[in-house]
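A.B. asks: Listed here are the chains, written in short residue letters.
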Amino acid sequence: MFTPLARQRKARLIDAMADAGLDLLLVYGNAWQNDYLRYATDFGILEGQALALVRNDGQVTLYLDSPLEVDRAQIDCPGVEVIHAPELVGEVDGALDRFRNQRIGAGPHRLIPRRIAARSRDLKLSDQTSMIDRLLMAKLDSEIDAIRRAARLADTGYAVFRNAARPGRADYELIAEIEAFYRTNGVDDNFQIIGVGGPEVRGMAPPSSKRLKRGDLVTTELTPCVEGYYAQICRTLVVGEPNGDQAAAFALYREAMEAGIAAVRAGVTAADIARAENDVFRRHGLGDYVTGKYTRVRGHGVGLFADSKPHILEDVTTRIDAGMTLIVHPNTYHPVVGYMVLGDVVVASEHGCEVLTATPRELFSVPA
Amino acid sequence: MRRGLMAWDGNELPQGVLMQRIEGLRALMKRGGVDGFILYTNLVQPSAVTYLTGFTPYWSDGLLLVRKTGAPIFATALSKRVASWISSTNPVSEIVNTPKPGGAVGERLAADGSRRVGVLELDRLPGGLYDEIVGAAPAVELTDGSAGFASLRQRIDGAERRLIEHADALAVAALAQVDPDRAADAGAVTGLIEKQARLQGAEEVYIAVAPNLAADRRMIRVSGPLPLSDRFALRASVAYKGSWVRRTRTFASDTAGRRALARADAWFENLVSSIVAGQSIGAQITGRIDELAGATVNGWMAESPIGSYPLQAIASSRAPDRDGVRAGGFMVLTIELALDGMPWLGAGPAFVQTL
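Protein sequence lines, in the order shown, are assigned to chains A and B.
Note that the working numbering gives residue 109 to position 109 of the first sequence, counting from 1, and the numbers run on in steps of one.
For the working numbering, count along the second sequence from 1 and bump the result up by 368.
Chain A on its own, in the form it takes in the complex (with noise of 0.2 Å):
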C-alpha cells in the first residue's frame, strides 16, 4: 500500500490526469533527477534508470533496470508493480504500444530516453513537464511537514559539521562526519558541497582534500532528505575569529537574505525576492557579483528535488504560491573575502513566510 503522503500526491496527479485528458502518463527518474519518478511511485532510485507508467485508474508500473533496486522497490513500494527490465528503454516503449490511440503524457520532457522520445508523433505522446512541476511546486501539507523535518535535520547536520571542523581535518572529513550522522538519524540522501579558502575560492564543489587552516572561510550548502523531500541550509564558518573584511561581508550577505525572505509572499514572483536580494548588493557597489559570473541562483525551490523550480532569478516570472518551499539564499562571490553563503528554508503564505530553518545566521568560527 502507498504511504498517506504517497495517496494523496497520486491522488492529485490522477486529477491533473485527468484534467488534461490523459489516460496514462510515463515518467522518468534517475537518482539526480528523481523528484517526478518519486512523485507518481514514491521510489527512491538510487543506481540505474527507471520509467514508470501511471494509468487514469491509479495503476502504477514501475520499470527498473538494476536488479538490486528491484529488491528495494518491491519492499518500498508494496502498492506499486514492479517489473525488472534489463533492456529498460525497449520494454517500455513495447509496453507503451499496448497504449496506442490513448491520450499519452510524459515527463520530465528532456530526459525521456531518445527511442521513446522519438515516437513521441507515433505514440500521441505530450509533454507534461509543467503539469507535473505545478504539483511539485505546490505542495501538499503533509509535503512541507516533511520538509520542516527536513529542515530540523539541515540545522542538526550543520552543527555537526561545525563540531567537525578544525585546522588540519581535509574537506571530505567534514562531509564524513554529516554522512556518519544522517545515516544514523533518518536521513538516506544529503546533497552537499564546499568551498574552503579565501579570496580565491570562486564557489563550492564537492571535497577535494583541501585541508583546513586558520583565517579560510568553510562554505558549505547542507540538503538533507526525509521521506523523499530535501531541506537546504547555507551557512559560513570561518577557523579563527573572523577578521574586518569577513564580517563586514557576512553582513551584506545577511541584510540580502533578509531582504529577500522579506519579499516572499504570495503573489509576488521569483524576480521579486532575487530583485530584492540583489539590490542590497547593487546599493553596496556589488552589482556585478549578482550577474551569471559570480553566482548561479539566488535560490529556488525544494522538495523532492534538491534544487527544484522556480530558480529565483531576476528573469524568472514564476508566480508565488502559498504552500510553496524555497532557499533563499544570496550566494556569490566577494571580491574581498571571496566565496560566502547563507540561506535558509522558507514556505510561502498569503501575508508572507514561515522560515523552517533555525541555525543563527552568524558568521561562525571555530577554534583555531
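In short, the hints are calculated from the structure, not lab data.
A couple of the hints might just be wrong.
[Unchecked claim] In silico DSS-like pairs for lysine-lysine, Cα to Cα no more than 27 Å straight-line:
1) B:K468 - A:K309
2) B:K448 - A:K309
3) B:K468 - A:K124
4) A:K293 - B:K468
5) A:K309 - A:K10
6) B:K468 - B:K436
7) A:K210 - A:K293
8) B:K448 - A:K293
9) B:K448 - A:K210
10) B:K398 - B:K436
11) A:K10 - A:K124
12) A:K293 - A:K309
13) B:K448 - B:K468
[As the list claims (entries may be wrong)] Sample of chain B residues lacking proximity to chain A, with all beta carbon distances greater than 10 Å (derived):
14) R394
15) Q413
16) R435
17) D499
18) A507
19) T511
20) G625
21) R631
22) V640
23) A695
[Stated by the list, open to error] Ranges of calculated distance between the beta carbons of each label pair, as one might list FRET restraints:
24) B:F719 - A:R152: 17 to 27 Å
25) A:E200 - B:S597: 48 to 58 Å
26) A:D57 - B:G503: 31 to 41 Å
27) B:R586 - A:P335: 50 to 60 Å
These figures come from a predicted structure and were not determined experimentally.
Every residue, glycine too, gets a C-beta built ideally from N, C-alpha and C.
Put chain B on the given structure of chain A with help from the hints.
C.D. replies: Same frame as chain A, but now just chain B:
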C-alpha cells in the same frame, strides 16, 4: 548524490593512460567507420566518460565528443563558475559550459563535416540532448556504438585495476568495523561503515542491508533505527576516483553460525581469485560449490563497467553467459548460497585470469 572526495591525481591516473584509452576508442572509431563518438554522463551513468577523462559529474550532466584528432570536447550544463573545478578533475578535455550541451556538440560535428558518429547507448540518450544534437547537425547520422565500446572495456589497464583495488580495500576495511555482537541497529551500522569509508577518501558509499536473513534475503537502504537480527548481511558499494566495487558480507552472532560463514567467506575468496577466461561464469561457480560442504547456489550475478553504468549486469543465474569473460577483465561477483539451511550473501571483485 556524490559528496565524498572527488579529485584527479596524476600519480594514480596519469594523463598518458587517459590518452591511451582515448586512442583505443579512436582505433575503434576507425574500424567502425565513424568520424566521432559521443558519450553521455551524469552521476548515475558516469563510467564511460570517467574512463576516458577521469571526470565524474557531481551534479547535472554532459556530453563528451571524441573526434578523430584533438582534445575531446566536454560540453556540460554545469555552470561556468565551476569550469576550473571541472578542468582540475578532467585533464584531457576542452571544457564547454553551456545550457545546451547537445547543441554545442552538434555545432562541432557540423563544423567538422562529420557524416557518421557513434553514440554510446543511443536509445537511452536523453531525448532533449538528442534533439539538440540533430538540430545543430541535421546531416549527421548517429549510430549506436555500445557494443564496440563494451569490447573496449572487456580488459582493464593497470591504473584502473589499482583504483578498483583501492576502492575494494576501503570497502573491506569499512565492513571490518562491524562487530555482530555489538551491532544492534542497522542505521548505526550504516553510519559507521559510511564514515569509515569516507574518512579514507571514498567518493561515494551506498550501504544496503538485509536486517534479518531468516525472514528476507532482499536488501534495503536504511537510515535511522532498525533492529538487526542474529544473522544479517551488508552490502557496501564503494567508489574511489570513479572506480566502483561491491563487497557483501554476511554476519552471525552465534559461534556455529560464524564458523559456517567463515567457511563460506574463504570459499568465496578462493573462487573470485581464480576466475579464468574462456569458461562461463556460472560453470565456474557451480563447478566449485562441492568444495563448500552443506552449500547450494541459490543465485549469482556478475557486473562489469562495460558502458555508462559503474557496474552493469553482464551475466546472472537467470541469464547465464555462454562464452565466459576475457582475460584481463574485471567483474564484481555476487553470490547467494543456502549454507546449512541459512542464506549466505557475498560479493567482491574478480580480476579475470588467463587459464
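A.B. asks: So, for every hint listed, does it hold in this structure?
C.D. replies: Do the hints match the structure? See the list:
1. For the hint pairing K468 (chain B) with K309 (chain A), the CA-to-CA distance comes to about 18 Å; that is within 27 Å, so the pair holds.
2. Restraint check for K448 (chain B) and K309 (chain A): the C-alpha separation of about 20 Å stays at or below 27 Å, so the hint holds.
3. Taking the CA atoms of K468 (chain B) and K124 (chain A), the gap is about 26 Å. The hint holds against a cut of 27 Å.
4. This hinted pair checks out: K293 (chain A) and K468 (chain B) have alpha carbons roughly 17 Å apart, not beyond 27 Å.
5. Under the criterion of a C-alpha separation no larger than 27 Å, the hint pairing K309 (chain A) with K10 (chain A) is consistent with the structure, at around 20 Å.
6. Between K468 (chain B) and K436 (chain B) the CA atoms are separated by roughly 23 Å; this keeps the pair inside 27 Å, and the hint holds.
7. A C-alpha spacing of about 24 Å is found between K210 (chain A) and K293 (chain A), which places the hinted pair at or below 27 Å, so the restraint holds.
8. Between K448 (chain B) and K293 (chain A), the direct Cα distance comes to roughly 8 Å. Compliance with the 27 Å bound is thereby established for this hinted pair.
9. Of the pairs offered as hints, the one joining K448 (chain B) and K210 (chain A) holds, with about 22 Å between alpha carbons and a cut-off of 27 Å not exceeded.
10. With a CA separation close to 8 Å, the supplied pair K398 (chain B) and K436 (chain B) stays within the 27 Å bound.
11. For a cut-off of 27 Å, the pair hint linking K10 (chain A) to K124 (chain A) stands: about 23 Å separates their Cα positions.
12. Pair hint K293 (chain A) plus K309 (chain A) holds up; C-alpha atoms about 21 Å apart against a cutoff of 27 Å.
13. A threshold of 27 Å between alpha carbons decides the hint, and for K448 (chain B) with K468 (chain B) the separation of about 13 Å falls inside it, so the pair holds.
14. Even its closest Cβ contact with chain A, about 24 Å, leaves R394 (chain B) beyond 10 Å, as expected for a residue assigned away from the interface.
15. Distance check for Q413 (chain B) against chain A: the nearest CB is about 8 Å away, which does not clear 10 Å, and the non-interface claim fails.
16. No beta-carbon of chain A is positioned within 10 Å of the beta-carbon of R435 (chain B); the least distance is around 21 Å.
17. Consistency note on D499 (chain B): stated as away from chain A, yet its beta-carbon is not over 10 Å from all of that chain's, at 8 Å minimum.
18. With a closest Cβ-Cβ approach of about 18 Å to chain A, A507 (chain B) is found to remain outside the 10 Å limit, as its non-interface label requires.
19. The beta carbon of T511 (chain B) sits about 13 Å from the closest Cβ of chain A, which is more than 10 Å, so the claim that it is off the interface holds.
20. Distance to chain A confirms G625 (chain B) as a non-interface residue, since its nearest Cβ pair spans about 23 Å, more than 10 Å.
21. In this structure R631 (chain B) is separated from chain A by more than 10 Å, as the shortest Cβ-Cβ distance comes to about 26 Å.
22. Even its closest Cβ contact with chain A, about 18 Å, leaves V640 (chain B) beyond 10 Å, as expected for a residue assigned away from the interface.
23. A cut-off of 10 Å between C-beta atoms confirms that A695 (chain B) is not in contact with chain A; the least separation is 26 Å.
24. The given range of 17 to 27 Å is broken by F719 (chain B) and R152 (chain A), whose C-beta atoms sit roughly 46 Å from each other.
25. Between E200 (chain A) and S597 (chain B) the beta carbons are some 52 Å apart, a value that agrees with the proposed interval 48 to 58 Å.
26. Judged by the Cβ atoms, the range 31 to 41 Å given for D57 (chain A) and G503 (chain B) holds: they are separated by roughly 38 Å.
27. Restraint check, R586 (chain B) to P335 (chain A): a C-beta distance of roughly 54 Å satisfies the suggested window 50 to 60 Å.
Taken one by one, the earlier hints fail for this structure at numbers 15, 17 and 24, listed in ascending order.
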